[in-house]
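Q: Listed below are the residues making up each chain.
Number of protein chains: 2
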Amino acid sequence: MTVLTVDLQDRSYPIHIAPGLLKTSLAGVDGRRVVVVSNDVVAPLYLQCFTRSLQEGGAETMEIILPDGEAYKTRDSLDVIHDRMLEAHCDRSCVVAALGGGVIGDVAGFAAATYQRGVDFLQAPTTLLAMVDSSVGGKTGINHPRGKNMIGAFWQPRQVIADTTTLATLPERELSAGLAETIKYGLIRDPLFLDWLQENIERLLARDEEALAWAIERSCRNKAEVVAADELEASAHNGRALLNLGHTFGHAMETGLGYGRWLHGEAVAAGSVMAAELSRRLGWLDGAAVDGVKSLFARARLPICGPALGADRYLDLMRQDKKNSGGRIRLVLLKGLGEAVTSSDVAESEICAAITACCE
Amino acid sequence: MTVLTVDLQDRSYPIHIAPGLLKTSLAGVDGRRVVVVSNDVVAPLYLQCFTRSLQEGGAETMEIILPDGEAYKTRDSLDVIHDRMLEAHCDRSCVVAALGGGVIGDVAGFAAATYQRGVDFLQAPTTLLAMVDSSVGGKTGINHPRGKNMIGAFWQPRQVIADTTTLATLPERELSAGLAETIKYGLIRDPLFLDWLQENIERLLARDEEALAWAIERSCRNKAEVVAADELEASAHNGRALLNLGHTFGHAMETGLGYGRWLHGEAVAAGSVMAAELSRRLGWLDGAAVDGVKSLFARARLPICGPALGADRYLDLMRQDKKNSGGRIRLVLLKGLGEAVTSSDVAESEICAAITACCE
Chain A
1 MTVLTVDLQD RSYPIHIAPG LLKTSLAGVD GRRVVVVSND VVAPLYLQCF TRSLQEGGAE
61 TMEIILPDGE AYKTRDSLDV IHDRMLEAHC DRSCVVAALG GGVIGDVAGF AAATYQRGVD
121 FLQAPTTLLA MVDSSVGGKT GINHPRGKNM IGAFWQPRQV IADTTTLATL PERELSAGLA
181 ETIKYGLIRD PLFLDWLQEN IERLLARDEE ALAWAIERSC RNKAEVVAAD ELEASAHNGR
241 ALLNLGHTFG HAMETGLGYG RWLHGEAVAA GSVMAAELSR RLGWLDGAAV DGVKSLFARA
301 RLPICGPALG ADRYLDLMRQ DKKNSGGRIR LVLLKGLGEA VTSSDVAESE ICAAITACCE
Chain B
361 MTVLTVDLQD RSYPIHIAPG LLKTSLAGVD GRRVVVVSND VVAPLYLQCF TRSLQEGGAE
421 TMEIILPDGE AYKTRDSLDV IHDRMLEAHC DRSCVVAALG GGVIGDVAGF AAATYQRGVD
481 FLQAPTTLLA MVDSSVGGKT GINHPRGKNM IGAFWQPRQV IADTTTLATL PERELSAGLA
541 ETIKYGLIRD PLFLDWLQEN IERLLARDEE ALAWAIERSC RNKAEVVAAD ELEASAHNGR
601 ALLNLGHTFG HAMETGLGYG RWLHGEAVAA GSVMAAELSR RLGWLDGAAV DGVKSLFARA
661 RLPICGPALG ADRYLDLMRQ DKKNSGGRIR LVLLKGLGEA VTSSDVAESE ICAAITACCE
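One line per chain: the protein sequences are A and B, in this order.
Residues 1 to 360 (the working numbering) make up the first sequence, in order.
Residues 361 to 720 (the working numbering) make up the second sequence, in order.
Derived by calculation from the structure, the hints in this document are not laboratory data.
With the Cβ distance kept under 7 Å, some of the chain B side facing chain A (calculated, not the full set):
1. 451
2. 477
3. 511
4. 512
5. 684
Take a look, some chain B residues computed to stay more than 12 Å from chain A by CB distance:
6. 427
7. 647
8. 654
9. 655
10. 708
11. 709
12. 720
Don't be surprised by glycine CBs; every beta carbon is placed ideally from N, CA and C.
Use the sequences and the hints to build the structure in full.
A: See below:
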């Protein structure tokens with residue numbers, strides 16, 4: 001088993017990565033009530049063995065099952081969790097455990113952050129995207145009709161349990177979506193990992209266990225380092241904000257299409273291509289580098305063109321992004337392959353041109 | 361001007377206490393957007409001068425006015441604030457400022473805590489209760505039909521601006537409600553202040569400026585010390601939990617009657633009498649001490665008997681209290697006048713007897 005640590009002083013926590021972890025008796029829950037939040041796709045596959053492991057660890061369990069999908073990352077789902085917990089008289093000693101992908105982790109984490117001013121939280125990601133990205137770092141929240149993740153909180157889990165066996169049942173489209181965030185780490189800060197991904201992307205698609213385990217570990221290590229250095233995304237020009245490569249374009253796609261039409265990872269892929277294209281227009285990348293980025297995403301079976309929303313609609317949606325400050329669109333761009341920077345002073349005409357060049 | 365500090369390392373903040381502060385140009389808002397949240401009673405009195413001061417400090421302001429009262433400390437009010445902020449394209453550099461009493465502070469603070477995972481927050485309390493208690497310490501939240509403050513977060517303000525001039529327009533009933541929390545500090549940890557209150561309660565009711573300023577400062581000093589030692593109410597048997605004297609009984613009254621029938625401070629007064637009576641039954645206080653507590657609250661024109669909900673209904677509501685752990689009702693009781701303790705092992709029959717003895 002690989003164990004990494006997210007170093008946040010008194011809020012530090014371990015990330016456990018190994019096959020079969022959901023079947024392993026869990027520490028830290030003895031005598032406690034654990035509220036397992038999952039969805040109707042994951043629950044039939046893994047809920048029973050997970051709750052058995054929790055019970056073997058001494059926990060009393062209860063379950064809240066939401067419908068699957070980004071369309072349910074809403075205020076209503078949040079209310080369902082809170083209402084059920086209150087009905088069951090859960091007190092502050094309870095633990096909320098998210099069993100599922102990024103949507104379940106985000107909404108369950110936000111429920112934990114705001115139930116009685118905060119209760120313990122445990123992440124059990126069952127998708128590649130959740131394992132390599134969303135389960136680590138404490139970003140929780142829900143969507144709003146006006147934008148993704150607009151309502152939320154930073155709330156770190158007490159532990160992350162990534163059972164890689166669950167990837168065997170992951171739909172192909174979701175596997176690819178997870179690879180988008182994996183490739184992102186290579187692009188923003190880890191050129192050696194980027195080289196490794198260029199060589200091994202087909203092994204990952206074939207679900208080679210060794211390759212997946214390595215990609216997850218390397219991704220989590222990157223994420224843990226970035227989060228430890230800038231937990232609250234407080235650094236204006238570096239730090240955690242760099243993890244949002246492709247996300248400002250991508251969020252516009254997700255919001256513009258309506259939540260759930262594209263997977264988050266798909267939007268990140270097409271958004272990262274836009275960011276690479278814009279970086280080329282600024283003279284930071286050459287055409288060959290942009291083609292390499294496109295090719296890697298395409299080999300991972302991810303979209304490299306955004307939906308045709310129209311550049312104006314993209315800009316309008318991007319102006320609502322949380323990373324903006326003082327009314328300027330803030331973007332993560334690439335100074336080179338493996339080196340990201342944030343910029344708030346790109347002309348909107350250039351942004352438009354990059355969007356137009358990378359749309360269907 | 362008195363300036364106290366709540367010492368929380370990188371989240372430390374000042375409490376400014378003085379007459380006329382709302383008319384004074386504010387620091388820390390230059391070039392920023394400030395979302396002033398107030399209610400329809402306070403706004404006609406103080407909103408204009410407050411926004412002018414903010415603008416003189418360099419801020420751009422917008423206003424969100426909620427209806428007055430505890431009945432509006434709800435999910436709906438929270439949604440109104442978030443929706444308006446999103447419509448106005450507020451980004452993470454904005455500041456939410458609460459201008460009003462405890463309800464406005466709690467709901468605006470929770471909106472700040474959860475808007476785009478947290479934006480800066482400023483408290484401008486205009487009631488005695490908010491000045492001496494709720495504006496300090498970072499507790500934010502909303503009520504749920506199943507209990508008070510069930511949904512919320514810890515979110516510290518960047519500064520507290522207590523303009524004591526505003527107390528001139530405070531209704532008498534609200535002045536008394538604020539005194540309940542003031543008396544609470546004397547009862548739980550400050551016997552000298554309790555003596556001072558016994559001697560000066562009529563001066564406070566008469567709104568003697570010097571007496572009020574002293575009571576606010578002493579209360580805030582007590583609160584700041586307790587919060588600095590136990591910010592997140594993590595200590596099981598001491599610390600911040602002791603501030604909840606009378607609150608477990610009191611919350612049951614507020615929830616049982618329906619929010620808004622009794623003021624929070626009124627419920628705290630009658631609840632503190634129940635706690636004193638229960639402490640007497642446990643042999644910790646003598647009858648004269650309990651009579652002294654009752655007399656002080658009565659002189660402050662506060663109720664010393666709870667509403668006749670029936671002891672069973674009280675217990676049922678108290679079982680939902682956030683302070684509970686492992687299904688036991690946890691109470692704050694008095695080992696003596698000026699010394700509080702928490703206890704989870706009082707027999708429910710004793711709790712019932714104390715409730716019955718102190719109900720209308």
